[in-house]
Amino acid sequence: MLTALLGKNYARRQLLKKTTSAVMKEYLQKPFPNKKDLISDIEIVSLDFETTGLNPEKDSIVSIGLVKISKLGINLQSSSHQLISTNENLPETSVVIHQITDNQLANGINIDAALPNLLKILSGKVLLAHNMKTELGFINKMCHKLYGTDFIIPVIDTQFLAKRSFERQGRPYKNNELRLFNLRQSFNMPAYKAHNALMDAIATAELFLAMVQKMSPENNARLSDFLS
Amino acid sequence: MEIELIEIRDFIAQHPPFDTLDETALNNLPKKLTIRYFRQGSVFPDALVETKSLYIVRTGAIELRNEHEQLIDKLAEGDIYLVDEQVDKFSNKLKGICVEDSLVYLLGYEDLALLQNQYSEFNRQFNQSINERLRHAVELTQSADMRDLSAMKLEVSGLTDRLPVIVDAATTIQDAAILMTSEHVSSILVTSKDKLVGLLTDRDIRTRCVATGLGYAESVSNIMSKELETVLDKTLLSDALLSMTRKKIHHLPVMKGNKPIGILTTSDVIRHLSTSPTLIATDIYKANSVDALKKISALLPELQLQLSLSSATAKHIGEVFSSITDAITCRLLELAEKLYGAAPVDYVWAAGGSQARNEQTSHTDQDNALIISDKLQPEHDEYFKKLADFVCDGLDACGYIYCPGDAMASNSQWRQPLKIWIKNFSHWINSPEPKALMLSSIFFDLRPVYGTFSLFNQLQDTVLKQTKKNELFISHMVGNALTHQPPLGFFRNFVMVQDDKHKHTLDIKHRGVVPIVDIARVIALDNGINATNTVERLDAAFECNALSAEMHGNLIDALEYIGSLRIRHQAKQIRAGLSPDNYLPPDELTGLEKNHLKDSFSIIKTMQQFFESRYPSSSMR
Chain Y
0 MLTALLGKNY ARRQLLKKTT SAVMKEYLQK PFPNKKDLIS DIEIVSLDFE
50 TTGLNPEKDS IVSIGLVKIS KLGINLQSSS HQLISTNENL PETSVVIHQI
100 TDNQLANGIN IDAALPNLLK ILSGKVLLAH NMKTELGFIN KMCHKLYGTD
150 FIIPVIDTQF LAKRSFERQG RPYKNNELRL FNLRQSFNMP AYKAHNALMD
200 AIATAELFLA MVQKMSPENN ARLSDFLS
Chain E
0 MEIELIEIRD FIAQHPPFDT LDETALNNLP KKLTIRYFRQ GSVFPDALVE
50 TKSLYIVRTG AIELRNEHEQ LIDKLAEGDI YLVDEQVDKF SNKLKGICVE
100 DSLVYLLGYE DLALLQNQYS EFNRQFNQSI NERLRHAVEL TQSADMRDLS
150 AMKLEVSGLT DRLPVIVDAA TTIQDAAILM TSEHVSSILV TSKDKLVGLL
200 TDRDIRTRCV ATGLGYAESV SNIMSKELET VLDKTLLSDA LLSMTRKKIH
250 HLPVMKGNKP IGILTTSDVI RHLSTSPTLI ATDIYKANSV DALKKISALL
300 PELQLQLSLS SATAKHIGEV FSSITDAITC RLLELAEKLY GAAPVDYVWA
350 AGGSQARNEQ TSHTDQDNAL IISDKLQPEH DEYFKKLADF VCDGLDACGY
400 IYCPGDAMAS NSQWRQPLKI WIKNFSHWIN SPEPKALMLS SIFFDLRPVY
450 GTFSLFNQLQ DTVLKQTKKN ELFISHMVGN ALTHQPPLGF FRNFVMVQDD
500 KHKHTLDIKH RGVVPIVDIA RVIALDNGIN ATNTVERLDA AFECNALSAE
550 MHGNLIDALE YIGSLRIRHQ AKQIRAGLSP DNYLPPDELT GLEKNHLKDS
600 FSIIKTMQQF FESRYPSSSM R
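The listed protein sequences derive, respectively, from chains Y and E.
With numbering that gives the first Met the number 0, letter number 100 in the first sequence gets 99, and the count goes up by one each step, no holes.
With numbering that gives the first Met the number 0, letter number 379 in the second sequence gets 378, and the count goes up by one each step, no holes.
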C-alpha cells in the first residue's frame with residue numbers, strides 16, 4: 000500500500016537502509032526509471048523461468064531465460080539462457096558466475112550462484128514477464144532465503160496488459176485467450192516451436208512491443224502506462 | 000551460440016542471401032540481431048533506429064513507395080531492406096508503410112559489412128538484390144503509362160468534387176437534417192462567424208440526438224463533433240488516408256487556408272483508389288473500333304500486376320476485371336448496333352461463368368448467351384447472328400478466347416427467345432444428365448450485361464422457382480460439385496499435377512477455387528438465392544441459415560486465401576513476360592504459406608464431406 004502511494008523508488012531507498020546483504024545493496028543502489036519517462040527510453044528485461052511447479056516454497060527453478068529491450072528493440076546480443084541445477088547437494092554460494100566452468104554451465108549451476116548475476120542484470124531496470132506471479136514469487140523467495148530481504152522492482156506484465164485491454168473495451172474474455180501463444184496469434188506473430196525459457200522471454204518481449212505499438216502508434220507512451 | 004536461438008537462425012538461413020552463409024556465420028548471426036515490431040499503418044523505418052541497418056522481415060508486409068507515391072516494392076516474409084545513404088542512395092528516398100503488423104530483424108551495419116567482406120557469394124547476391132530493386136524502381140518511374148495508375152499521388156483537392164454543405168452553429172438539428180436530405184449528403188460542416196467549428200454526420204444525429212432523446216429543435220452545436228481533424232487541399236491522398244485510418248475517422252474536412260472547400264470521406268477514397276480501372280473503363284466507352292478495344296485490353300495484364308502489387312484482394316480484382324469485360328462487351332454491342340442498326344425486337348446479352356460471378360482475372364475464355372424477346376420472328380435471326388458474331392469475334396480479338404465448349408451467343412443454341420430458354424432450363428433441371436450439369440456451371444451463373452434486363456429477370460425467376468428445394472436436382476448438382484477434390488493427401492501432403500506440362504504444380508483453380516464456387520452455386524439454387532458472386536452467395540446462404548457461421552467464415556477465408564495466391568502467382572508470371580495460368584508450384588510458397596494453403600484445402604474437404612452426408616444420393620452417382 001505504502002509502495003503504491005510513494006512509489007517503488009521510495010520503497011527501494013527504505014530497503015537499502017535496512018539490508019545488510021552486499022548483493023542486495025548493490026542491486027538497490029541504482030534508482031529505478033522514472034514513471035514519467037517515455038517507454039522508448041526505458042531499459043527493460045524480459046524474463047522467463049522454467050520451474051518444476053508453481054509454488055516457490057516447494058518447487059525450484061530449472062532454467063532462466065532473459066533478453067533486454069532498449070529503444071523498443073529486442074537486443075538478442077543480451078539474450079541468455081541459464082540452466083539451473085536442482086541438486087541441493089552442491090551448494091556453491093560463493094562461486095561468482097563468471098568463474099563457472101563450461102561443464103558446470105552445461106549441467107546447470109546452483110540457483111544461489113545464479114541469483115547475484117540475475118540481480119546485477121535487473122538492477123535499475125524494469126522487469127517484463129507474462130504472468131509475473133511465477134517469476135516474482137521465486138525471486139522473492141530466494142531473496143528472503145539468501146539475503147533476508149524483500150525483492151522489489153517495477154514490473155510490466157503482458158498478461159495484465161491484455162486483461163486490462165479486454166476490460167477497457169468491455170469485452171468478455173476466456174482465460175485461454177490470455178495465454179502467450181494466443182495473444183501472439185492475435186497480433187499476427189509467428190508461433191515458435193521451441194519452448195524454453197529464452198524463447199518464451201523473447202516471445203513475451205515481442206508481444207510487449209506489439210502492445211506498445213497498439214497503445215501508442217506515435218511512440219509517445221510513458222512507462223506509467225504499462226506498469227502493473 | 001545459444002542453442003535456444005536455433006529457431007531464429009533457421010528462419011534466416013532459409014532466405015537469400017543468408018542461405019549462402021556457412022554454419023559458423025549462421026550460428027553467430029542471431030546474437031547480432033535486434034527485433035522490432037511495426038504496427039499496421041505505421042511508417043517504416045521509424046526514428047528510433049540507427050539509419051545504417053539491414054532489415055529482415057520475419058512476418059508482415061511493408062510497402063515501399065518513391066517520392067511520386069508509386070509502389071516500388073512490397074517486402075514480405077524473408078525479404079531484406081537496406082537503409083544506408085552511402086551504399087544505396089535510392090532507397091533513402093523511399094517511404095515505407097507497414098500494410099500488416101510486421102516483426103522485423105535488424106542487423107547492424109558493421110556486422111553486415113563483416114559478412115560482406117568475408118563471404119563473396121553473400122556479397123554478390125546481396126548487391127544483386129539491392130540493384131534489382133533499384134532497377135525496378137527506375138523502370139517504374141520512367142514508364143509514363145504507369146503514372147496514371149498511382150492514385151496515391153493525387154492531392155485531396157482532386158477528390159472533393161463538390162463544395163461542402165455548411166450550416167451555422169445555431170441551426171436546429173431538424174433543419175440540418177432536412178438540408179442534408181435535400182442535398183443528399185451524409186455529413187455537413189458547421190461554422191460560427193465564418194469559422195469552422197464542427198462536423199455533423201448522419202451518425203451524430205442517430206447516436207447523439209435520436210438515441211438520447213434530445214429535442215430536434217436543439218441547435219446542431221449540441222451534437223456535432225467539435226475537435227476536428229482537417230487536411231489542407233494540397234495534402235497527398237496517401238497521407239490523408241493514413242491519418243483517417245490511424246485516427247479511425249471517416250470524414251475529413253478539406254481546407255484551403257482557413258476556408259473549408261470540401262469533405263473527404265472514406266468512400267471517396269475507396270472510389271478513387273480504383274481510379275486506374277475507372278480510367279480504363281472511360282477509354283473503353285470512347286473506343287470506336289475493335290482495334291481500339293484491342294489496344295486497351297492489352298493493358299489488362301499490367302493492371303492485374305499493379306492491383307496485386309497494391310495488395311488489392313482477390314475479390315476486388317475479380318470485380319474490377321469483370322466490370323472491364325462488361326464494359327468491353329457493352330461497347331462491342333453498341334458498335335454492332337451502329338453497324339447493323341437497332342435491334343428489331345428487345346434482347347438481353349447475358350454473361351456466364353466467372354464474368355457473371357464477378358470473379359474474372361485478366362484474361363479468360365468467354366461464356367455468353369443472348370435472350371431474345373418472344374416477339375422474335377424467323378427473319379430476325381440473321382440480325383442477331385451478325386450481332387452475336389460481331390461481339391464474340393470482338394471479345395476473342397480482345398483476348399477473351401472463344402469458349403472451348405462453344406457456350407457463346409454466336410452458337411444458335413445459345414441465342415434463343417425467352418420461352419425456349421425457359422423450356423431448356425426446365426429440361427436441364429428435371430432430367431439432369433452429365434451434359435446439362437456441365438452447362439449448369441456456365442448457365443446457372445448468368446448475369447445480364449446489356450439490353451432489356453427484364454427479359455433476364457423473368458428467366459431467372461422461373462429457374463429459381465424450379466430449383467428451390469428440388470431435392471433430386473440439387474443432389475445431382477452436389478454430386479457434380481464434388482468431382483473436383485482439393486489436392487490434399489491423407490497425410491496432409493500436396494497432391495501434385497501429374498501431366499508433363501504442369502508437373503509438380505497444384506491446379507489451384509480447379510481444385511481450390513472451383514469446389515467452393517460449385518458448392519456456393521448449389522446452395523444458391525437450393526435456396527432460391529439470385530446472387531451470382533460466390534462470396535455474396537455464401538453471405539446470403541449464411542443469412543438464410545443454409546450455412547453455419549463457422550463454415551461461412553472458413554469458406555470465405557479459404558476462397559480469398561487461395562485467390563490471393565493465384566493472383567500473386569499470375570502477377571509473377573506477367574512480370575516474367577509469361578501468360579498467366581493457374582498452376583502453382585509449391586516451391587513458390589514459404590513454409591507458413593504452405594500450411595495456410597493446406598488449411599484452406601482442409602476446409603474445402605470438410606465442406607465437401609458435409610454436403611456429401613447431407614445429400615447422400617449425390618455420392619451414389
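These are calculated hints, taken from the structure and not from any lab test.
Treat the numbers as computed from the prediction; the structure is a model and nothing was measured.
Among these hints, one or two may not hold up.
With a straight-line Cα cutoff of 20 Å, these simulated SDA-like cross-link-like pairs (lysine to any residue) come out [as the list claims (entries may be wrong)]: (1) Y:K29 / Y:G123; (2) E:K255 / E:D193; (3) E:K73 / Y:K29; (4) Y:K213 / E:A60.
Label pairs and their computed distance ranges (CB to CB) [said to hold, decoys possible]: (5) E:N429 / Y:R178: 26 to 36 Å; (6) E:C543 / Y:N139: 57 to 67 Å; (7) E:L162 / Y:R163: 24 to 34 Å; (8) Y:S215 / E:T229: 20 to 30 Å; (9) Y:L37 / E:T180: 44 to 54 Å; (10) Y:M214 / E:D290: 53 to 63 Å; (11) E:T589 / Y:N139: 29 to 39 Å; (12) E:T605 / Y:N175: 17 to 27 Å; (13) E:G214 / Y:R12: 57 to 67 Å; (14) E:D167 / Y:S215: 55 to 65 Å; (15) Y:M214 / E:T229: 24 to 34 Å; (16) Y:E56 / E:Q115: 49 to 59 Å.
Residues from chain Y that face chain E, not an exhaustive set, calculated with beta carbons under 8 Å [what the hints assert, rightly or not]: (17) L145; (18) M198; (19) E205; (20) P216.
Idealized CB from N, CA, C, for every residue including glycine.
Verification of the supplied hints:
no. : hint                        : verdict
1   : Y:K29 / Y:G123              : 5 Å, holds
2   : E:K255 / E:D193             : 14 Å, holds
3   : E:K73 / Y:K29               : 45 Å, violated
4   : Y:K213 / E:A60              : 17 Å, holds
5   : E:N429 / Y:R178: 26 to 36 Å : 56 Å, violated
6   : E:C543 / Y:N139: 57 to 67 Å : 59 Å, holds
7   : E:L162 / Y:R163: 24 to 34 Å : 46 Å, violated
8   : Y:S215 / E:T229: 20 to 30 Å : 23 Å, holds
9   : Y:L37 / E:T180: 44 to 54 Å  : 49 Å, holds
10  : Y:M214 / E:D290: 53 to 63 Å : 59 Å, holds
11  : E:T589 / Y:N139: 29 to 39 Å : 44 Å, violated
12  : E:T605 / Y:N175: 17 to 27 Å : 23 Å, holds
13  : E:G214 / Y:R12: 57 to 67 Å  : 60 Å, holds
14  : E:D167 / Y:S215: 55 to 65 Å : 38 Å, violated
15  : Y:M214 / E:T229: 24 to 34 Å : 26 Å, holds
16  : Y:E56 / E:Q115: 49 to 59 Å  : 54 Å, holds
17  : L145                        : 26 Å, violated
18  : M198                        : 6 Å, holds
19  : E205                        : 6 Å, holds
20  : P216                        : 6 Å, holds
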